Amino acid sequence: MVKIAVDAGHGINTAGKRSPAGEREWSFNNKVAKALINQLNTYQNVQVIRLDDPTGKRDVPLKERTDKANKAKADILISLHHNAYQGKWGNHGGTETYHYPNSTKGKQLAQ
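Numbering follows the working numbering, in which position 57 of the sequence shown is assigned residue number 57; successive positions increment by one, without gaps.
Mixed in with the good hints, there may be bad ones.
[Said to hold, decoys possible] Below, in silico cross-link-like pairs of lysine-lysine (DSS-like), each with a Cα-Cα straight-line distance of 27 Å or less:
hint: 1; residue 1: K68; residue 2: K105
hint: 2; residue 1: K31; residue 2: K3
hint: 3; residue 1: K31; residue 2: K57
hint: 4; residue 1: K34; residue 2: K73
hint: 5; residue 1: K34; residue 2: K68
hint: 6; residue 1: K31; residue 2: K73
hint: 7; residue 1: K73; residue 2: K105
hint: 8; residue 1: K73; residue 2: K57
hint: 9; residue 1: K3; residue 2: K88
hint: 10; residue 1: K73; residue 2: K3
hint: 11; residue 1: K57; residue 2: K3
Hints listed in this document are in silico derivations from the structure and should not be mistaken for laboratory results.
All figures in this text were calculated on a predicted structure; none of them were measured in a lab.
Throw the hints in and build the complete structure from the sequences for me.
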């Protein structure tokens, strides 16, 4: 069984997490999280653990999310974010991928 922990980043009311038009980052993150979870649930032998508050009402602290993932013995943690950049719309984008230092398996997965 592969265990995949997923969170939609911040809570809906987290200060500063807004698009230039005032849309909340959590609303973007949650749509992606739901789609990802739906897709992952089509695979056999995959268990998905949602780490954030699926209502978005509470911004679950990072330590609490990682503790929950570790307690569940998750194989991977995917934290979704649509980061603002200088508070402006633009064509900027990118992906950030982190893994434990000196973890060969983590590095392979990140690559």
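Of the hints stated earlier, which fail here?
-> 9
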